[in-house]
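Undergrad: So you can see what is in the structure, the chains are spelled out below.
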Amino acid sequence: MRGNILLYGALFICLLVLPQQSRASKDLYSSLWAPVPESPIDKLVFAKVKKAGYQPRFCTDHVFLRRAYLDITGTVPTADETRRFLEDKSFNKRVRLVDQLLQSDAYADYFAMKWCDVLRVKAEFPVNLWPNAAQAYHYWIRTSIRDNKSYDKFVREMLVSNGSNYRVGPVNFYRAMQSHTPDAIASTVALTFMGCRTAHWNDEKIAGMSAFFSEVGYKATREWKEEVVFWDPNKPFNSLTNAPAQMAQYRERRTAVFPDGKSIRLPHGKDPREIFADWLISDKNPWFATIYVNRAWSWLMGRGIIEEVDDIRSDNKPSNMALLKHLRTEFIKYNYDMKKLLRYILTSQTYHLDSIYEGDQEEKLAKLFAFYPMRRLDAEVLIDAINKVTGSTELYTSAIPEPFTFVPANKPAVALPDGSITSSFLEMFGKPARATGMDNERVNKLSDTQKRHLLNSSHIRGKIEDGSVVSQILNSKLKRQQMIDELYLTILSRYPTIEECAWINNYIAESKLSERNAGLDVAWALINSDEFIFKH
Amino acid sequence: MQQTTKKNRGCLLTRRQMLAHSTLAAAGTIAGISPLGARAAAAKKAAKAKSVIQVFLWGGMSHTDTWDPKPDAGYDWTGQFNKVIETNVPGIQLSSLFPKLAQQMDKYSIIRSMTHGINGHETAAYLMQTGHPPGGRLAYPCVGAVFALMKGYNEGYKGLIPPYVVLTNPQGRFSESGFLGNKYKPFATGGDPNAQRFEVEGVVARGISDERQLGRRKLLGNLNTLSRCMPGLKAVQESEESAESAYQLILGEGKDVFDLSLEDSKLRDEYGRHTFGQECLVARRLVEAGVPYVTINYPGGWDTHSNHFATMNKQCPQLDQGLARLLQDLDERGLLETTIVWCCGEFGRSPKVDWQPPWNGGRNHYGKCNSVLIAGGGFKGGMVVGKSTEKGEEPAERPVYPVDLLGSIYTMAGIDMYAPLPHPMGLEAHVLPRGSEVKSTGLLEEIM
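Chains as they are written, first to last, in the working numbering: chain Z, 575 to 1110; chain Y, 7 to 454.
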């Protein structure tokens, strides 16, 4: 409660000093303290931002709380968690929150979902993994993330895997693509683990890399849709490629060429995939760490240092080369500890900047990470958040195969193991098709149809009216002011301002609605506010 | 070689049929050129249609009890429906269940030789509405989704209402948009236009008056504190714009399109005070508002394995009333010229009644022969295309296949029936299939 009083007090003073409401509102989101660069990340980012003539500001505690929950776990905090955090007066509470969230199961669910997009975990169309295999693949990915397997190990396990698609999760990497020819595999490997789009490569380069994957075998078993991926040294040359002539040559001479141009004689008796994997995960490899740090940065900061995230090439310049190099070096120093790198970014001051920007240089400054960019919640995160704050559930199904798959009602969308399991909301809000593994498959732009759905559909209305959480607040014996506080803490993870309370009291008085209906309208308005729909 | 001959024979049949109808002055010239040329010529000549209203008789309506009556087939075949009536076009008769449509016969034509041979609901419905054989590798979009693409978004459609609307519920058994994806799914209104208040999903909310909508919108504006701090930010502006457009539907002109209280009460009576009748009226209002494609999924369906005669006695008069008034209304407003109306189910029903238990007088799925009503958008009225055998068991003349019907509809709307479709994975796909294995006897040139 003291936090509440303090907040009100601060606002009151601001209102006295600066009578315009916009100034007061801004103080709700950005702190008056200017950040002083601490970590090398901050020094590298702030140098560029200062040069552009911009003074970055910190975000306030409640903004940070919601941001950290959404970015690390894909969920919003409960009212109690919010209260506890806002009341906590200890100096390092933000860092403690980051550590606590990184240890949670929700972190594993959410980051597994991100990896499942990249690694195309989907039962059917267009990659056709089949449900049991998609489950095995997801299980392996989620376990790896939960146990914080090092990135080099994570990738190597996929690249050199052998076995049944139902029993050895990572072999599905080789099945989660629309074509199984050596050049198609090479293209997928390049995109996934090097951030390179082979459309920019010449035929020779792709053929040279394809040779490493020309002995990947696939065979069916007597179990329905089971498929074993294995090293098949006697695999006949597969001619389905852009450069059959070159490939045939490489294969005949048992040579392969790494994407950096070095060629190698493939020794007999060794799976060429192992040779490639060892080249890839070496500290000296220019792509391997780069693509991971670029992905991690973009997951947390809203855009890659190289943009688009998975389009690394010499003519696509990073917006901050020194920053990218620094993160690479750190990541290698951390022995490819994925969580440690996330933590490094999450505890930098750069991650703690506010999202308030009013000038006309938005695009330029956004590229320099001068503020935290506002962006719509992922489809899965948004529906989970709506379900959580209203106290309702959602039906997820997959029509593949018959009989249809149904998922227990309390399962969050973020934790769905298979891209084929979906709902009309997820489709409408741009859940990716997991067709290519490209980052741009997920589109989080707010469309008219989406907005109308949030504002006025029976689906969302039903959740607000019938959900247990909102009803509990509105049916409670709380005084009106406490009720408003509770709605704000639940939905927006903060206390209301004096001004907002005035608007609400005014609405209740003017609308002549019953207390309950007016309360529902307040919940509706908060859920439809940009503060709820967007990360900020 | 054999296939070529077959194809030619199909075309010959078309021409013969066309010549039989002396009304078609241009028949001579069209008959002189190749089918491909004819298609191009037809496309150039026509392309009048701007909108389509599809009445889908889900479940499959009997053809022999309705628009292809066989009064002399005997009681085992006709059951109680052995009466026919004359229409306002001499020589064409309908079942006596359709007195109102009979008076509008000059405005539409009937295809009596629709055929594809598939007896499963899902597969037949897919074929009839996509033109593609079921079971292929790709899930094709249906006609409405193709219109949403080619007459909607591709042409910069800016209407308030989405370009493809379904009244009131989607069929649910197949994905209308196929591989085109979510954007091309129909906007399904939900609700009931015959109810006191037509609650349109996302537009007219239950229990929330316009006054409350306005109040809530203002409240949201006031409580949108974060965005009010930085109205110039791109994300904030985009959110504001999408809200603006959503509210034009919820509180502005868009909502009015669905508001039947703005119609003359007498006209509403004439359309019929039942869900289907009022759906027809909404469809007309949508077409007036420029929506390119409206599907009415007939409320209730026509899958009359049992209780056939009672269902027909109940539903046919409603279909008759709504559809007849719709055609007349479109005509009176000059909209029929630019609006195609087509009506059929995924198949017909077995011409012989199944009197055995458990059906006790029912009709089963029948893909071999069916009737289709088609009007407007340049299609001629007052004609019959093709002919079924004596008892309606199969086409006797000029079989019409799904690609022929859909190809004609596309052509009349100026859509190239073989145009490439954007597949998300870049696979090759076209609006309609072509090749020697695709059964076709050519476009419906006799009524184009």
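Hints should not be assumed to be uniformly reliable.
[Unchecked claim] Each computed DSSO-like pair below joins lysine-lysine, with the alpha-carbon atoms no more than 30 Å apart:
1. Y:Lys261 - Z:Lys1019
2. Z:Lys858 - Z:Lys617
3. Y:Lys224 - Z:Lys1053
4. Y:Lys106 - Z:Lys941
5. Y:Lys358 - Y:Lys261
6. Y:Lys189 - Z:Lys1019
7. Z:Lys891 - Y:Lys358
8. Y:Lys106 - Z:Lys985
9. Y:Lys240 - Z:Lys688
10. Y:Lys56 - Y:Lys358
11. Z:Lys1019 - Z:Lys1051
12. Y:Lys240 - Z:Lys617
13. Y:Lys240 - Z:Lys938
14. Z:Lys858 - Z:Lys688
15. Y:Lys189 - Z:Lys1109
16. Z:Lys1019 - Y:Lys445
17. Y:Lys106 - Y:Lys240
18. Z:Lys962 - Y:Lys224
19. Z:Lys1086 - Z:Lys688
20. Z:Lys1051 - Z:Lys723
21. Z:Lys1019 - Y:Lys224
22. Z:Lys1109 - Y:Lys106
23. Z:Lys727 - Z:Lys625
24. Z:Lys625 - Y:Lys261
25. Y:Lys164 - Z:Lys1086
26. Z:Lys727 - Z:Lys622
27. Y:Lys320 - Z:Lys1019
28. Y:Lys261 - Y:Lys272
29. Y:Lys164 - Z:Lys962
30. Z:Lys938 - Z:Lys962
31. Z:Lys617 - Z:Lys941
32. Y:Lys189 - Z:Lys962
33. Z:Lys1109 - Z:Lys622
34. Y:Lys189 - Z:Lys688
35. Z:Lys622 - Y:Lys386
If you are wondering where the hints come from, they were derived from the structure by calculation, not from laboratory data.
Undergrad: For a quick check of understanding: which of the numbered hints are violated here, in increasing order?
TA: Hints 4, 5, 7, 8, 10, 11, 16, 17, 19, 20, 22, 23, 24, 25, 26, 27, 29, 30 and 35 are the ones this structure does not satisfy, whereas the remaining hints hold.
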